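Novice: What follows is each chain in one-letter form.
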Amino acid sequence: MKTLKDLRPGEKAKVLAVEGCEEVKQKLYDLGIIPGEVVEILQDAPFGGPIKIKVHDYCLALRRKEASCILVEESK
Amino acid sequence: MREIVVALVGNPNVGKSALLNAIAGADVKVGNWPGVTVEKKEAFFKYKDYVIKFVDLPGIYSLRNQTTEEKVTIDFLLKEKPDIVLNVVDATNLKRNLYLTIQLLELEIPMVIALNIWDEAVEKGIVIDYKKMENLLCHPVIPTSAKDRYGIDELVKKLVEVYENKKFIQCEHFEPQFEEYLKKVVQLVKDYKPVLLDVYPKRFLAISLLEGSLNETLQKELEEKIEEIRQEIKSLYKKDVKTLIVEERYGVVLSIYHQTVKKQQEDVVDSSITLDRIFLHKYFGIPIFLFLVWLVFEITFKVSSPYVEWLDKVLSVISSWTLSLLDSVKAPEVLKSFVAEGVLGGVGFVLVFVPVLFTLYVIIAILEGSGYIARAAFLMDRFFGVLGLSGKSFIPLLLGFGCNVPAVYATKTIESEKEKILTTLMIPFMSCGARLTVFAFFVSIFFTDNKGLVIFSLYLIGIMVAVLVALILNRFYFKTKSQFFIMELPPYRLPTFRYVINTAWSRVKAFVVEAGTFIFAMSVLIWFLTNIPYGAKKDETILANVSKQVAVVFEPLGFGTWQATASLFSGFVAKEVVLSAMGNFYVGEKIEEEKKNLTFIEGLSEIGSGFVEANINLVKNFVAIFGFTKQQQQEFDKNLASAIREAFTPISAYSFLVFLLLYTPCLATVFAIKQELNSYRWMFASIAINFTSAWIVSFIVYNLLKNFL
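Chains as they are written, first to last, in the numbering used here: chain A, 1 to 76; chain B, 1 to 709.
For the record, the hints were derived by calculation from the structure and aren't laboratory data. Computed from a prediction, not measured in an experiment: that's the story for all the values here. There could be a bad hint or two in this list.
Listed below are the simulated DMTMM-like cross-link pairs for lysine to aspartate or glutamate, each with C-alpha atoms no more than 20 Å apart in a straight line [said to hold, decoys possible]:
#1 B:Lys239 <-> B:Glu211
#2 B:Lys71 <-> A:Glu23
#3 B:Lys225 <-> B:Glu211
#4 A:Lys14 <-> B:Glu248
#5 B:Lys479 <-> A:Glu22
#6 A:Lys25 <-> B:Glu70
#7 A:Lys2 <-> A:Asp57
#8 B:Lys234 <-> A:Glu22
#9 A:Lys14 <-> B:Glu247
#10 A:Lys5 <-> B:Glu488
#11 A:Lys12 <-> B:Asp270
#12 B:Lys242 <-> A:Glu22
#13 B:Lys234 <-> A:Glu19
#14 B:Lys262 <-> A:Asp57
#15 A:Lys54 <-> B:Glu120
#16 A:Lys54 <-> B:Asp270
#17 B:Lys242 <-> A:Glu19
#18 B:Lys184 <-> B:Glu106
#19 B:Lys262 <-> A:Glu37
#20 B:Lys238 <-> A:Glu19
#21 A:Lys25 <-> B:Glu120
#22 B:Lys282 <-> A:Asp6
#23 B:Lys263 <-> A:Glu37
#24 A:Lys25 <-> B:Glu488
#25 B:Lys238 <-> A:Glu22
#26 B:Lys95 <-> A:Asp57
#27 B:Lys239 <-> A:Glu22
#28 B:Lys263 <-> A:Asp57
#29 B:Lys124 <-> A:Asp57
#30 B:Lys95 <-> A:Glu37
#31 B:Lys46 <-> B:Asp83
Only some residues are given here: those of chain B computed to face chain A with a beta carbon under 7 Å [as the list claims (entries may be wrong)]:
#32 Tyr61
#33 Asn93
#34 Val246
Note that CB positions come from ideal geometry on N, CA and C, so glycine has one too.
Using the sequences plus the hints, can you model the full thing?
Specialist: Next up, the structure:
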């Protein structure tokens, strides 16, 4: 199963589910990362730092660890 | 006059504070919410027969009762029961913002929605049918823009109107079947624990009970009945309740969004995304960041230093006036010394921080308001994650090398309570400018061959101890694994001048008022210790006697003399005074500046010309930031130097410097910690941590050097 962590800057994907610790899941939901939404990877920080994504109309930064909780399906 | 209490609620970065400033002007009171480190802002505004009290609640994304900010907000809304909720939403980012709006409606408090940042939405070609939105939300919606004061008057008018009408219409906008379940839960509460309905609004209560997020103990039967409903929902919708509720809310949001918002062009080129390509560039991002940090550092200290000098001058003029006044009434010497050193000295300790803090707060407000702070955190996060911190800790720690006091206040930008505490405890180990003066003096006596290396080693020890303290506290006290890091990167915006100045000013005011009393009192106390009995020999004052008793503690560190101990005592007040105090203890003479007797007119002209000079120096310093200037050579007192050379060996001197580096930097820092963390407990913890680590590290360093060199 692909997660958001596997995508590269410039790629878009549709969120299928959030699977990880409950706290992160709720936080991501509150911020609009819900099943069915399309997210786009915009940039990533050097040395394995956080990634920057676009969801709805705004930008969000999260660590790769959190990104690996977001199951996605690639979309064009 | 009747008071209307209006609570401002909204996501972070939607311009709530700017809107508050636009409505109420400069008169914003800054404090902390009781028991937590979250900043509280209040402002009053007179309108017709009313005084409208605005309470700016912390920025939140949801009413989940999880983070400190959410707890503060829910607590205020449910317990203080404001008359109106003013929900500030970002018109350019409606989907996420309306999610909170939907939750706020569940609280059944009359609400007005401000579609803020309207100007930007118009610019971006986003057309919002706000009249229709009003109908869909059942509450008034007003477009506003803090930048050009658009819609402000109408907003205030609407708030009063809503207050006078006092009615609340609850929309039932979820899926009908789910609404039935909510009603069932309410019925269960009526049957089993009706008292909850007096405390909580119905809809909020039903949803929180289903989510299991309500902070109340329930009877077993009630808990079981609710669990039954949860299971029923789960089998009907094939998903758990929490997810369902989130999806229902988003469903409402998206339906409102699609009915009211039209974008004229899809995917306009966003200037923020372009700017991020530069500022968050994979290879240039960090160098640009380091350059900006260096700039912040330089500007803070170079811009403020001329005014610090000027304030020094003003104080010496005032002190000269006061002394002549006391002379004219034949006041005894002891009173003169008390007023000049104890009282005015105490005022001075507070005032010299004002220019530094004001400059820093202006810069921080710009960085915060522009959205760059979030970028800095993004870039630095990788490095701080190891310590259980996030990228947001970098700027405060770095500022600590200039002065610990503003550094502690700079932790304002860290939201996580744990990270804020940890960062604050690390700051005192960052060697500040005042400590450098003492290092430079000792180094010029004992380590003339390796001056740079010795000073560098001290800075390094400070950093290493800070890291060690963070690791230990993380491992044994906080015990939480590295927290998650999910942070909005808000669009870049130009903060309004009004917002920047008002924010900086109200924060400085809070420091002067609160720190003032504290530092002043301590300074008076220290005066008593060093001067009583008055006229006694230098080794017979209270301080000297206490120091003689305490000195034994420093014996294992190599400097167990009463003079060294007394010097450390004065260093606790401020590192700036260590050298002059040492002159007093070791040589027996105060290294005094020449005292002039000034007439009133002379004094005034001194203050005036000093101010002009400060402004000239400001310009000079600004130029110097980008050029090279010669470092000023400090002149040291010769008598003191020879006394110190006799009193210390190079090894005990180094041990003394290590102690001086690591123990509590100054009273002002202690107070800043108390104020920023809003806790005496952490203040004392910080002092304890500093003294303990100072003693241990000095002990190790002294004994290692003694045995191996």
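Novice: Hints first: check each against the structure and report whether it holds.
Specialist: Hint check results:
Restraint check for lysine 239 (chain B) and glutamate 211 (chain B): the C-alpha separation of about 13 Å stays at or below 20 Å, so the hint holds. At most 20 Å may separate the alpha-carbon atoms for a hinted pair to count; lysine 71 (chain B) and glutamate 23 (chain A) meet this at roughly 15 Å. Restraint check for lysine 225 (chain B) and glutamate 211 (chain B): satisfied, since their Cα atoms lie roughly 14 Å apart, inside the 20 Å limit. Taking the CA atoms of lysine 14 (chain A) and glutamate 248 (chain B), the gap is near 19 Å; set against the 20 Å cutoff, the hint holds.
Restraint check: the Cα-Cα separation between lysine 479 (chain B) and glutamate 22 (chain A) comes to about 18 Å, which is no more than 20 Å; the hinted pair holds. Straight-line distance between C-alpha atoms of lysine 25 (chain A) and glutamate 70 (chain B) comes to about 17 Å, which keeps the hinted pair within the 20 Å bound. Only pairs whose Cα atoms come within 20 Å are accepted, and lysine 2 (chain A) paired with aspartate 57 (chain A) is rejected, the gap being roughly 24 Å. Only pairs whose Cα atoms come within 20 Å are accepted, and lysine 234 (chain B) paired with glutamate 22 (chain A) is accepted, the gap being roughly 17 Å.
Between lysine 14 (chain A) and glutamate 247 (chain B) the alpha-carbon distance is near 16 Å, which keeps this suggested pair within the 20 Å criterion. Between lysine 5 (chain A) and glutamate 488 (chain B), the direct Cα distance comes to roughly 18 Å. Compliance with the 20 Å bound is thereby established for this hinted pair. Taking the CA atoms of lysine 12 (chain A) and aspartate 270 (chain B), the gap is about 17 Å. The hint holds against a cut of 20 Å. Restraint check for lysine 242 (chain B) and glutamate 22 (chain A): the C-alpha separation of about 11 Å stays at or below 20 Å, so the hint holds.
At roughly 18 Å between alpha-carbon atoms, lysine 234 (chain B) and glutamate 19 (chain A) fall within 20 Å of each other, so this suggested pair holds. A hinted pair counts as satisfied when its Cα atoms are at most 20 Å apart, and lysine 262 (chain B) with aspartate 57 (chain A) qualifies at roughly 13 Å. A distance of roughly 19 Å separates the Cα atoms of lysine 54 (chain A) and glutamate 120 (chain B); the hinted pair therefore holds under the 20 Å criterion. This hinted pair checks out: lysine 54 (chain A) and aspartate 270 (chain B) have alpha carbons roughly 12 Å apart, not beyond 20 Å.
Straight-line distance between C-alpha atoms of lysine 242 (chain B) and glutamate 19 (chain A) comes to about 14 Å, which keeps the hinted pair within the 20 Å bound. Pair hint lysine 184 (chain B) plus glutamate 106 (chain B) holds up; C-alpha atoms about 16 Å apart against a cutoff of 20 Å. Taken as a hint, the lysine 262 (chain B) and glutamate 37 (chain A) pair is honoured in the structure, with Cα atoms around 19 Å apart against an allowance of 20 Å. In summary, the hint linking lysine 238 (chain B) to glutamate 19 (chain A) is supported, as the alpha carbons are separated by about 16 Å, within the 20 Å threshold.
For a cut-off of 20 Å, the pair hint linking lysine 25 (chain A) to glutamate 120 (chain B) is broken: about 31 Å separates their Cα positions. With a C-alpha separation of about 18 Å, the suggested pair lysine 282 (chain B) and aspartate 6 (chain A) falls inside the 20 Å cut-off, and the hint holds. Only pairs whose Cα atoms come within 20 Å are accepted, and lysine 263 (chain B) paired with glutamate 37 (chain A) is accepted, the gap being roughly 19 Å. Pair hint lysine 25 (chain A) plus glutamate 488 (chain B) holds up; C-alpha atoms about 16 Å apart against a cutoff of 20 Å.
A hinted pair counts as satisfied when its Cα atoms are at most 20 Å apart, and lysine 238 (chain B) with glutamate 22 (chain A) qualifies at roughly 18 Å. Restraint check for lysine 95 (chain B) and aspartate 57 (chain A): satisfied, since their Cα atoms lie roughly 8 Å apart, inside the 20 Å limit. Distance restraint check for lysine 239 (chain B) and glutamate 22 (chain A): the Cα-Cα separation of roughly 15 Å lies within the 20 Å cut-off, and the hinted pair is therefore satisfied. Simply put, lysine 263 (chain B) and aspartate 57 (chain A) have alpha-carbon atoms about 12 Å apart, close enough for the 20 Å limit, and the pair holds.
Between lysine 124 (chain B) and aspartate 57 (chain A), the direct Cα distance comes to roughly 12 Å. Compliance with the 20 Å bound is thereby established for this hinted pair. Restraint check for lysine 95 (chain B) and glutamate 37 (chain A): the C-alpha separation of about 12 Å stays at or below 20 Å, so the hint holds. For a cut-off of 20 Å, the pair hint linking lysine 46 (chain B) to aspartate 83 (chain B) stands: about 16 Å separates their Cα positions. A cut of 7 Å between beta carbons decides the hint on tyrosine 61 (chain B): the least distance to chain A is about 5 Å, and the hint holds.
Look at asparagine 93 (chain B): its Cβ gets to within about 5 Å of chain A, closer than 7 Å, so that hint holds up. Proximity of valine 246 (chain B) to chain A holds as hinted, the smallest CB-CB distance being about 5 Å (cut-off 7 Å).
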